[in-house]
Amino acid sequence: MAKPKPESGEGSKTKKVVNEFSINIATVNGSGSQTANLTLLRAIYKMGIPVSGKNIFPSNIQGLPTWYKIRVSKSGYAARAKKTDITVAMNPKTFRDDLEDLAPGGLFLYADHIKESIDREDVLLCPLPVKNLAREAKPPRELRDYIANMVYVGVLAYLLDIQMDTLKNALDFHFKGKQGPVELNFSVIQNAVKWAEAELELESPFKIQPLDLTDGFILANGNTAGGLGTIYGGMHFVSWYPITPATSLPEAILEYAPGLRKDPETKKSTYAVIQAEDELASIGMVIGAGWAGLRAMTATSGPGLSLMSEYASLAYFTEIPIVVWVIQRVGPSTGLPTRTAQGDVNMTYYLGHGDTKHVVLIPGTVNECFEFGWKALDLAEKLQMPIFVLSDLDLGQNQWMTTPFEYPKTPIDRGKILWEEDLEKIKDDWGRYLDLDGDAIPYRTVPGNRHPKSAYFARGTGHDDYANYSEKPEDWEENLNRLKRKFESSRPLLPEPEISAQAGATNGIIAFGSTDAAVREASDHLAAEGVKLDYLRLRALPVNSQVLKFIRDHPRVYVIENNRDGQMHSILSLELPDFPSELVSLSHIDGLPLSAEWIKEVVLAEEKS
Amino acid sequence: MAKPKPESGEGSKTKKVVNEFSINIATVNGSGSQTANLTLLRAIYKMGIPVSGKNIFPSNIQGLPTWYKIRVSKSGYAARAKKTDITVAMNPKTFRDDLEDLAPGGLFLYADHIKESIDREDVLLCPLPVKNLAREAKPPRELRDYIANMVYVGVLAYLLDIQMDTLKNALDFHFKGKQGPVELNFSVIQNAVKWAEAELELESPFKIQPLDLTDGFILANGNTAGGLGTIYGGMHFVSWYPITPATSLPEAILEYAPGLRKDPETKKSTYAVIQAEDELASIGMVIGAGWAGLRAMTATSGPGLSLMSEYASLAYFTEIPIVVWVIQRVGPSTGLPTRTAQGDVNMTYYLGHGDTKHVVLIPGTVNECFEFGWKALDLAEKLQMPIFVLSDLDLGQNQWMTTPFEYPKTPIDRGKILWEEDLEKIKDDWGRYLDLDGDAIPYRTVPGNRHPKSAYFARGTGHDDYANYSEKPEDWEENLNRLKRKFESSRPLLPEPEISAQAGATNGIIAFGSTDAAVREASDHLAAEGVKLDYLRLRALPVNSQVLKFIRDHPRVYVIENNRDGQMHSILSLELPDFPSELVSLSHIDGLPLSAEWIKEVVLAEEKS
Amino acid sequence: MAKKTVKQNEIGLTKEDYKGEPTTLCLGCGHNAIVGQIIAACYELNIPPESVVKISGIGCSSKAPTYFMDRSFGFNGLHGRMPSLATGALFGDTSLIGIGVSGDGDTASIGMGQFKHVTRRNLPLLYIVANNGVYGLTKGQFSATAEQGLALKKQGQNRYVPVDIVWEAIAGRASFVARSFSGDPQQLKALIKAGIHHRGIAVIDVISPCVTFNNQDDSFHSYAWGKSHEVALHELSFVPPVRAIKVHYEKGESLEVSLYDGTHIILKKLEHDYEPTDRVKAFQMLEEANDRNELVTGLIYINPKQKSLFDLYDLPETPLNRLSNEKLRPSPESLAEINQVMF
Amino acid sequence: MAKKTVKQNEIGLTKEDYKGEPTTLCLGCGHNAIVGQIIAACYELNIPPESVVKISGIGCSSKAPTYFMDRSFGFNGLHGRMPSLATGALFGDTSLIGIGVSGDGDTASIGMGQFKHVTRRNLPLLYIVANNGVYGLTKGQFSATAEQGLALKKQGQNRYVPVDIVWEAIAGRASFVARSFSGDPQQLKALIKAGIHHRGIAVIDVISPCVTFNNQDDSFHSYAWGKSHEVALHELSFVPPVRAIKVHYEKGESLEVSLYDGTHIILKKLEHDYEPTDRVKAFQMLEEANDRNELVTGLIYINPKQKSLFDLYDLPETPLNRLSNEKLRPSPESLAEINQVMF
Ligand SMILES: Cc1ncc(C[n+]2csc(CCOP(=O)(O)OP(=O)(O)O)c2C)c(N)n1
Ligand SMILES: Cc1ncc(C[n+]2csc(CCOP(=O)(O)OP(=O)(O)O)c2C)c(N)n1
Ligand code: SF4
Ligand code: SF4
Ligand SMILES: [Mg+2]
Ligand SMILES: [Mg+2]
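Note that the protein sequences, when read in sequence, are chains H, A, U and Y.
Residues 1 to 609, numbered by our numbering, are exactly what the first sequence covers, in order.
Residues 1 to 609, numbered by our numbering, are exactly what the second sequence covers, in order.
Residues 1 to 343, numbered by our numbering, are exactly what the third sequence covers, in order.
Residues 1 to 343, numbered by our numbering, are exactly what the fourth sequence covers, in order.
This is chain H alone, in the form it adopts within the complex:
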């Protein structure tokens, strides 16, 4: 085998960059690179350096370009990095773009069977004998392409100084200890390392050095967390219809619930999951279940959310507790189904016809997905209304470092449910929609209650306090106004915003959800340039008084979001009709997670204007 001569460019002599760089691995969809990428990610993480991994993938199963972006950041930055320091180019189709995208001085690893001309002088080139090395491992024919990806893992390990045992560890974890695949993959890594040791003259300007910054953290994605939170929230019933990027949330429930939710005595399942025929049915089932006293959940994304609109209006009006997870992707319409966005804020908040309005929880970190998973179920039953949890593809499907999931601090709250013995105690007629406590939340019974007074008739049409059919103007108005009061009364019960104040800040930033990482990073950079900003991360709608105070307290507040029309900005504007300060909408959508660079840039432009 000819010794490859890495044609090193100018960049080769630059001083080492340690634990702060980004890797872009360009592959072909369906070629099995996911194992390789996760192995890399996990190994670096196990070495104690904060990492995050983002999969930029097509709406397709096999054959189209995919990028996996690993950000290594001792500063803990987890947002999408605009700049790429290391590229692994495995896809001939995007080779030229990938090369162009690499920052000067960067490291360019590429499969040596790709016959594209290379016209950059300012990067370090490293051709990889992918096919040869893969063949050497003598894998079964159908696995050859898959394990070929381990070649770049090995070479990167060599170049960046990633420890072999952590790689082994990561493979062990990935294959759940199955030695066959672990050995096969690891042998390719080892061979690649050996090859690199023997053949590579290249010195990487980027290095990993062990740290202890990941102690006390876990590595997870939001959908798994949301599914687990739902399980720990005592969910009884899930109905769902597959849709990217929501699918992996119910699938996490399918994975974990069987182990976690068997009655220890009877060995029976304390829940049921049903894959419905579509979203009209999945939300319908969940509403039926919520009505019948089950803690019920569904998860969907834009198109499915649209289909749930009519039923959402019914649930609001009939006061049925349900939880709906909305994992946003790029719309309108089918849009870019595998790309992230925050474009369904408005729709979620107002989902349904008539004067419908919903409580929306907005997790911004993976462990919040866990927390809101159980909390949403409590709130739904407490408030007797649908609770929406608004996440997105970036938070839901990508791997984030996060603090461990915290066991719920409060016991399960079933709200105001009356059973036989409760009804026994009630002298008067019980009325489903009577506001006895003055909190606009009535008492409810559920089917299965065998008390002769228990039954009532639920309907989407007008009713009086006793759930009798009514078209009387005053019944309609009173009921609808009570619903409004109930909605208003939710404000103090919802997750409070997270506020990060900076000494010397005058203006503020408001953001929510997955953009948190980018905003924090941008804040640091802005502060470094003298622009100090207080930062409020919204965690629920409707907003509470802290949010209003934050806005009032700042002469100017930037509302950052990943959509076109500045939807959250609109919602906030409406909360403060007499708003004296300037609420500035900074929004942007192109399918990629917002970058700190973009935020910094647009805020700076505003600050200067």
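One or more of the hints may lead you astray.
[Claimed, not checked] With a cut-off of at most 16 Å between alpha-carbon atoms, the simulated EDC-like pairs for lysine to aspartate or glutamate come out as follows:
hint: 1; chain 1: A; residue 1: Lys267; chain 2: Y; residue 2: Glu326
hint: 2; chain 1: A; residue 1: Lys532; chain 2: A; residue 2: Glu606
hint: 3; chain 1: H; residue 1: Lys176; chain 2: U; residue 2: Glu337
hint: 4; chain 1: U; residue 1: Lys281; chain 2: Y; residue 2: Glu256
hint: 5; chain 1: H; residue 1: Lys267; chain 2: U; residue 2: Asp314
hint: 6; chain 1: A; residue 1: Lys453; chain 2: Y; residue 2: Asp70
hint: 7; chain 1: Y; residue 1: Lys281; chain 2: U; residue 2: Asp314
hint: 8; chain 1: H; residue 1: Lys267; chain 2: U; residue 2: Glu317
hint: 9; chain 1: H; residue 1: Lys74; chain 2: H; residue 2: Asp215
hint: 10; chain 1: A; residue 1: Lys262; chain 2: Y; residue 2: Asp314
hint: 11; chain 1: A; residue 1: Lys472; chain 2: H; residue 2: Asp215
hint: 12; chain 1: H; residue 1: Lys74; chain 2: H; residue 2: Glu183
hint: 13; chain 1: A; residue 1: Lys549; chain 2: A; residue 2: Glu474
hint: 14; chain 1: H; residue 1: Lys82; chain 2: A; residue 2: Glu474
hint: 15; chain 1: A; residue 1: Lys472; chain 2: H; residue 2: Asp212
hint: 16; chain 1: U; residue 1: Lys305; chain 2: U; residue 2: Asp261
Simulated from the structure, these hints should not be mistaken for laboratory data.
With the hints as your guide, set chains A, U and Y with the ligands onto chain H.
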């Protein structure tokens, strides 16, 4: 037959009220009172006095309370009158409420077989021997109940001085000249008059005197007008699913199109109507048709609109011209399906997921329903987008006096469609989404075009200017921003607001749709009390600069609407983030059309505060 | 008035206890007859009203649950979406008896999708379609079951071939499919009883005339047509539990079908020699009846052995909605383990 | 390269003219085979690509229209809602040939309602279901056609009985129903040709393996299972127009079906003695095949005489979308008359 002794109360000596009063006819649903009520309405109208008729009916076919409210107003007020001057009580179930509802000094006609005690001294009582008189006419058994209603028509004719020939006229019209039913009904009216002449000692304080104020007007409802406007707009394709109160719009097309839209040469239909299996299908068909170059329309109400959400997002994104009529009723959910509201403003404007936004036309009078019927089809094709026309039950189903339908002043506008000969002329590749004219509106071809260059692939997923699939961030962003520019560019093309200035006014009122009548009436009353207000009636969203100027020019503007949350107020607030004046939301929903009294009251309260 | 004079069933309830609000349907509406037979059947079956859950869509037919069994929970949901609501609700407590009422528009037009999917899942639910070939509540448009050529005021003539709900149910693998007629209350009641005892979905397509909008004598869904064209497949009777599941044919006279809970349905043969246990034979019989212009009524298909939806889940004895909070939340230790593997 | 060497069909087009974008489906995906046969059929039928409209829902299968006939208009619409889009689009110009491609999820799960309604309306449309028993594009969940007991990664075992698309189409009164297999390209092509020439809906349920998520050898929708269990009902051939509509059975050897436009389909008998003109017989044959564990393919039901949707409308010769503006707006006088009667 014993001579009835009308027990006349105090009110009997009051001086005559001429051509300015309201009648409330309380009957049972399905008892055939509609013919009687329309006959009364039409007769008064034919005597030259402005009238309007509102049907307050239940969501039911037979047996529940219904009220028909006729407003006689020489001043031309057509809003629901809060005060009732004359009651016709035919329904035992609501007898007591109906009696209570009558204003002091009012006239209370009631079927004498209703055995309820009467405890009011301050009204004029007139028992009607309904059964006797109906029996005398010897109608077929199954018609007896129906024609019994003619008794109150006759007695009211006698009491109010309604001319017999106009009644005959109205019956002729109703039964399309069929003499059998005309004679039968008219004979009951005549007998009732004879009976009244012979037996009644009562003098009515309310009188009709002939005028000529209805010359040059017609009497119609908005849905018929909308259907006709659609027919004259050159609609090719209608797909619909029945839902109250939208149904009568497509049904008007079913009634009129066969006569109006046969090709004179071939005698073939130049359109097709299809009743779909639901609203998902009706809008789907309409979008397919719009894509294929048909002027296509559907009509629905809240629940159906919810179901159209996903498809609306597709039509917006793929730039397909369609027209959707939304005839609002009370929601959320099934709500009060036979009562009027303006609660779907928000939903219509934003219908769909992602950053979707739609142009909405808002007719406020019946002849505007006709006008917007054809105009919407032009705008849809011109702008290549869905156009929503937002009406409501009150405007759509009730009878209003209106100026005659005006023949479209502009020829049919098919927008930028390219046929074979157009493509012949194009040298370069043609691109479906290329913005050649800088107006953000591209050129389109339609299936059936046989030019080899004509075809393109429409999709709800990301695409470039040539309609090729694309997930590229810049393609997505550019396209979505073009859609936004297109939307923005619609503003000056849409129906302008109607502004009525008052000398000496400082503050303003904004309203839209069916509340126009109530607002005009309230304005007069307010002016009489010294509160002078300029009035702007919105006719489209997004609003144009005149609307913004109106708001800016007034220190305070009241936004009046028939919903709970002040939805239009929100939309307007968002248009003017830097709004210096006070935009005050005055909204109310209970299933009834807003009354001038309510508007006056709430505005006065605000003015005083 | 002495209390004891009012007739009671075996659980001490009077017929009054099975009633609902007074009907607001039209006088003579077929749906009222259905309401009456549901009341009678539940009374005679000694079902505690609290054990029943009523679910419906939207339409005159879907209002029916308001008019029976006030002491049962009920949910009048969305147009065409009753099956999903019922599915979720019945998971709450699988010992409940679900009675769904829908219309032909509600089931065969907008509701086709959910209808087909609930039948294939075999949800234990008595699913009554009050089929009048028309949309009553919206005042007389064609539903998907309206016969081709039917003329209705304002609508012109129906262009399309009708949906046959019985065909669809059988093709869709419903495990109990019957057709009945509002004008044949005895048969209807017997079928309702059988349907309630069937473990799985029991679809009864009841021709139920809309006297206001579709009752022309020659229309397929009218009283007159039904009365003169009805052919009952068998005389149906219902025998409480005796022995285990089996289906066998007793030569000549009658056929006995045993349900899951040991209940028996006895089908006494009339003209037709028909065994309702074969899907293909059912289609054949229906096609032949169609050709003869007959309205065949009775139990058309049954498979008492098909597993019900709940048989396919591993649910505890205690209804899910009564599980204590402790059963619902896994231990803190289990979460610690999960955190261990989140990597 | 000399131009003339490339083979052309009778309208002077090469196969290249019938191609679309390069496929982005998985290597070996059954859907690619379908794409290939659509191209071949249209080429051989000498159809100008501009006369074809391609419509689809959402799924791997629904992407297929991108991969054939670039010169035809196409619309990749919403999940489960292809039929409504197709219905509206084809009204634009009824001389167009509609080719709809859908998946088993798209048609039998979310799309069941629209599927049933488009079949009953008999819209002239070649409706191909690329049926793999799984959701490919969302990565391997059960579709409604997945067999009971099928195990998939992440999903566990499928609990429910499957929807049989052929049953449903026949029950739903489709006028042309066939089943084929991606692994049997000749038959598939012949069926596509026949379906295109059929005036009315032509549903072809093509078992089309998903090699990535549902291709275990014992799974009903796998290549291996299909290859070893396929039983073709007949050998199909396609003869251009000769004479008028009729269906008759020629003793012994083969059966000939004449379509509306005079085209003939010749069904040469194989093992089975099957005549595809009777709905009940079709069900019987399917049930029996099921019992024998066979994947029966071929033309299963056809009724060439059933009126198509467009036959039920009174449309002009000129396509609606080409009518001049003058034909669309009634006269001012007519409006004056209407104003007269608005009272
Ligand atoms: C989404 C939606 N679309 C339309 C309607 C209007 N709607 C109410 S009842 C009904 C038809 C009912 O017909 P059917 O189910 O046959 O019941 P019937 O009244 O004939 O008993 C329709 C279309 C609705 N309520 N919701
Ligand atoms: C309303 C809606 N719900 C869910 C989805 C997500 N989705 C996309 S494709 C698909 C299933 C496709 O399955 P199938 O029709 O069998 O096609 P295949 O990919 O197997 O060929 C689903 C559920 C969607 N696009 N729209
Ligand atoms: S309209 Fe028809 S279906 Fe409705 S209640 Fe009256 S008779 Fe019954
Ligand atoms: S995932 Fe399955 S259905 Fe989709 S392209 Fe791949 S093989 Fe075909
Ligand atoms: Mg009906
Ligand atoms: Mg599939």
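Structure-based check of each hint:
This hinted pair checks out: Lys267(A) and Glu326(Y) have alpha carbons roughly 15 Å apart, not beyond 16 Å. Straight-line distance between C-alpha atoms of Lys532(A) and Glu606(A) comes to about 13 Å, which keeps the hinted pair within the 16 Å bound. Pair hint Lys176(H) plus Glu337(U) holds up; C-alpha atoms about 15 Å apart against a cutoff of 16 Å. For the proposed pair Lys281(U) and Glu256(Y), the alpha carbon gap of about 27 Å is over 16 Å, so the pair is violated.
At most 16 Å may separate the alpha-carbon atoms for a hinted pair to count; Lys267(H) and Asp314(U) meet this at roughly 9 Å. For the suggested pair Lys453(A) and Asp70(Y), the alpha carbons sit about 10 Å apart, so the restraint of at most 16 Å is met. Proximity of Lys281(Y) to Asp314(U) is assessed by CA-CA distance (about 39 Å); at most 16 Å being required, the pair is judged violated. Straight-line distance between C-alpha atoms of Lys267(H) and Glu317(U) comes to about 11 Å, which keeps the hinted pair within the 16 Å bound.
A C-alpha spacing of about 13 Å is found between Lys74(H) and Asp215(H), which places the hinted pair at or below 16 Å, so the restraint holds. Between Lys262(A) and Asp314(Y), the direct Cα distance comes to roughly 10 Å. Compliance with the 16 Å bound is thereby established for this hinted pair. Distance hint between Lys472(A) and Asp215(H) is unfulfilled; the C-alpha atoms sit about 38 Å from each other, more than 16 Å. Restraint check for Lys74(H) and Glu183(H): the C-alpha separation of about 31 Å exceeds 16 Å, so the hint is violated.
Using a Cα cut-off of 16 Å, the hinted pair Lys549(A) and Glu474(A) is violated, with the two alpha carbons roughly 36 Å apart. Note on Lys82(H) and Glu474(A): the hinted pairing holds, with a Cα-Cα distance of about 15 Å set against a maximum of 16 Å. Proximity of Lys472(A) to Asp212(H) is assessed by CA-CA distance (about 38 Å); at most 16 Å being required, the pair is judged violated. Distance check on the hinted pair: Lys305(U) and Asp261(U) sit about 11 Å apart at the alpha-carbon level, within 16 Å; holds.
Violation of the numbered hints given earlier is confined to hints 4, 7, 11, 12, 13 and 15; the remaining hints are satisfied by the structure.
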